[in-house]
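Engineer: Chain order of the listed sequences is A and B.
The first sequence lines up with residues 1 to 289 when you count with the numbering used here.
The second sequence lines up with residues 1 to 310 when you count with the numbering used here.
A portion of the hints provided could be inaccurate.
Computed Cβ-Cβ distance ranges for the label pairs, DEER-style [said to hold, decoys possible]: (1) A/I268 x B/L226: 38 to 44 Å; (2) A/E52 x B/Y98: 45 to 51 Å; (3) B/P287 x A/Y42: 41 to 47 Å; (4) B/I93 x A/N198: 54 to 60 Å; (5) A/G10 x B/R34: 57 to 63 Å; (6) B/L226 x A/F272: 34 to 40 Å.
For the record, the hints were derived by calculation from the structure and aren't laboratory data.
Since we're looking at a predicted model, the values are computed, not measured.
Yeah, the Cβ is synthetic: ideal placement off N, Cα and C, and Gly gets one too.
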Amino acid sequence: MLVPTFVVMGLLVFYPLAKGIYLSFTNADRFNIGNKYIPSTYSWIGLANYKEILTSQEFRDVAGFTVLWTFVNVFFHFTIGLALAMALNRTLKFRGMYRMLLLVPWAVPSFISAFAWRFIFNNPYGFLDLLLQKLGVSNPPAFLGDPTWAKFSVITANVWLGVPFMMVALLGGLQAIDADLLDAAAVDGATAWQRFWNVTLPGLRPVAATVILLGLIWTFNMFNVIYLITGGGPANATQIFATFAYQEAFDFKRYGVATAYGVILLSIMLVFGSFYRWTVARMGEETWS
Amino acid sequence: MSDFIETGSSSTEVIMPEALAAARAAPRRRRGGRSRSMSLLLHGSLVCAVIIAVFPVFWITISSFKPYNEIVSSTTLKILPQTWTLQNYKHVITNDDYQFLHWFANSIVIALITTVVGVFLAATAAYALSRYRFPGYRTALNSFLITQMFPAAILLVPIYNIMVTLGLLNTKTGLVLAYSTVAVPFCVWMLKGYFDTIPISIEEAGRLDGLTPFGTFWRIVMPLSLPGIAVTCFFTFITAWNEVAFANILLTTPDNYTLPVGLRTYVFQFQQDWQYLTAGAVLVTIPAVLVFLFAQRYLISGLTRGGVKG
Numbered sequence: 001m002l003v004p005t006f007v008v009m010g011l012l013v014f015y016p017l018a019k020g021i022y023l024s025f026t027n028a029d030r031f032n033i034g035n036k037y038i039p040s041t042y043s044w045i046g047l048a049n050y051k052e053i054l055t056s057q058e059f060r061d062v063a064g065f066t067v068l069w070t071f072v073n074v075f076f077h078f079t080i081g082l083a084l085a086m087a088l089n090r091t092l093k094f095r096g097m098y099r100m101l102l103l104v105p106w107a108v109p110s111f112i113s114a115f116a117w118r119f120i121f122n123n124p125y126g127f128l129d130l131l132l133q134k135l136g137v138s139n140p141p142a143f144l145g146d147p148t149w150a151k152f153s154v155i156t157a158n159v160w161l162g163v164p165f166m167m168v169a170l171l172g173g174l175q176a177i178d179a180d181l182l183d184a185a186a187v188d189g190a191t192a193w194q195r196f197w198n199v200t201l202p203g204l205r206p207v208a209a210t211v212i213l214l215g216l217i218w219t220f221n222m223f224n225v226i227y228l229i230t231g232g233g234p235a236n237a238t239q240i241f242a243t244f245a246y247q248e249a250f251d252f253k254r255y256g257v258a259t260a261y262g263v264i265l266l267s268i269m270l271v272f273g274s275f276y277r278w279t280v281a282r283m284g285e286e287t288w289s
Numbered sequence: 001m002s003d004f005i006e007t008g009s010s011s012t013e014v015i016m017p018e019a020l021a022a023a024r025a026a027p028r029r030r031r032g033g034r035s036r037s038m039s040l041l042l043h044g045s046l047v048c049a050v051i052i053a054v055f056p057v058f059w060i061t062i063s064s065f066k067p068y069n070e071i072v073s074s075t076t077l078k079i080l081p082q083t084w085t086l087q088n089y090k091h092v093i094t095n096d097d098y099q100f101l102h103w104f105a106n107s108i109v110i111a112l113i114t115t116v117v118g119v120f121l122a123a124t125a126a127y128a129l130s131r132y133r134f135p136g137y138r139t140a141l142n143s144f145l146i147t148q149m150f151p152a153a154i155l156l157v158p159i160y161n162i163m164v165t166l167g168l169l170n171t172k173t174g175l176v177l178a179y180s181t182v183a184v185p186f187c188v189w190m191l192k193g194y195f196d197t198i199p200i201s202i203e204e205a206g207r208l209d210g211l212t213p214f215g216t217f218w219r220i221v222m223p224l225s226l227p228g229i230a231v232t233c234f235f236t237f238i239t240a241w242n243e244v245a246f247a248n249i250l251l252t253t254p255d256n257y258t259l260p261v262g263l264r265t266y267v268f269q270f271q272q273d274w275q276y277l278t279a280g281a282v283l284v285t286i287p288a289v290l291v292f293l294f295a296q297r298y299l300i301s302g303l304t305r306g307g308v309k310g
């Protein structure tokens, strides 16, 4: 029964993957890629694409923002998500209502959220612009036009987008922690902070390790938010690898370079993924042995 | 990748909390009550968080009822429309020979077919991975996991190229095939976790009663995994519904656009019709939010159950 799936996966994933890796060693572009009627005429150029990418300033800039983007986002997803989960994990009036309303950013289709944030950040008639003017800021920043502010804006939008998932996952993790442990710690005189640091956080570790890894991977690959809000601009200031490679491929039609980016990204992911799992596994042993 | 499939694939790891169901059970009352100020602080922060969470949706909804000149009046902030209008909605729906409704239909058809194709293929593979041990089992399992990590960049160009060669550019078939590459690996992981929870003895009973292997799968395992199947369907649907990168390159004529690509044409660089964009966005968002809020209980518990045994 695996056969149909493997045929499809082979055709749709592994064949394109192999082809993508192959293309990354060629000079494929819009003129030689061929189509239904014209055969392709690109040729093997070895590691030239990789060399071009790895020695370019653009690569370093994009890498810098990708790292910033990924870690800042996941940091705030996790901390805000945890704070909200802790708040919701109490006896509380309107608890169900809070929980439901806090899920709204997750419920809205992500492309709609991206448009909504782009509208809010709009200059000069976006909500933030008008709000700041009302508060007396005579010359509000161009949230999407200024390179630094554009970075701030896309990260803000994506933090908003990702918090509910973390909140739900961590809420589940919190509720799986044995209340007796917390009570015992309280009886032993642990302060609220000590209970949080020494009981709650270690108890969350398995859930947290998973959601943080997933969060890092998704954020690293997140395409919609940046593409729809800034398109990577202004002047590539908000390009991450996912959007930059897309631009190389479909705006500039430099297919060879774009696939070489793909291969580099995949390698980064694989290395990072194994490293992360290894670290978490080791941390686990230290904690429990 | 889009957000919903991402969410789902958390179940690929073993660790999602068992107790989300218990989570919802009556909250414990621990160590007495809170002081009044503490309570105020807690509610205060939650209310702030709720306002931030809901605001973008509120803002596009409110703006969609404003006439164009109010949206672009950059002088003062007025939350509510001075004059309420339904003109934006009328324009969005009827413009260009009901083009928006075409986009809506395209999105729904593509997402539905992707769901059916993706989940069916994934279910058979997941069942095999759950029940049989064969040479290359580990490799097969891991290959599904690793495809989850693929940056779109590596598949976009070759798939685009293949679609061009096959003449599938600008067709629904092409898009469904492309989306299946994203959806199938995730569904396999999700469903394998589900199938693992079904005792083999039930199937053996079915076999004794004369069912073929496919029969046991179709008549016993599938019905028993309906909650898992439902969740997987939902996530696949949402993935296809939210996808931008492939749709943007594979669809070339406006009539074939899906919603994300179509709505984007309202706010291209030089002409930004926010009044239409907001109206269109509201029309897309309302059903999505209602379905999500209605389904979230089941989704989250379904996600968890599949994940526990991942």
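Engineer: Against each hint, give a clear statement of whether it holds in the structure.
Structural biologist: Structure-based check of all given hints:
For the hinted restraint 38 to 44 Å between A/I268 and B/L226, the CB-CB distance of approximately 39 Å keeps it satisfied. Taking the beta carbon of each, A/E52 and B/Y98 are about 47 Å apart, inside 45 to 51 Å as hinted. A hinted range of 41 to 47 Å for the beta carbons of B/P287 and A/Y42 is consistent with their spacing of about 45 Å. The supplied range of 54 to 60 Å is met by B/I93 and A/N198, whose beta-carbon atoms lie about 58 Å from each other.
Look at A/G10 against B/R34: about 59 Å separates their beta carbons, and that is inside 57 to 63 Å. The hinted window of 34 to 40 Å between B/L226 and A/F272 holds, with their beta carbons roughly 37 Å apart.
When the structure is compared with the earlier hints, no violation turns up for any of them.
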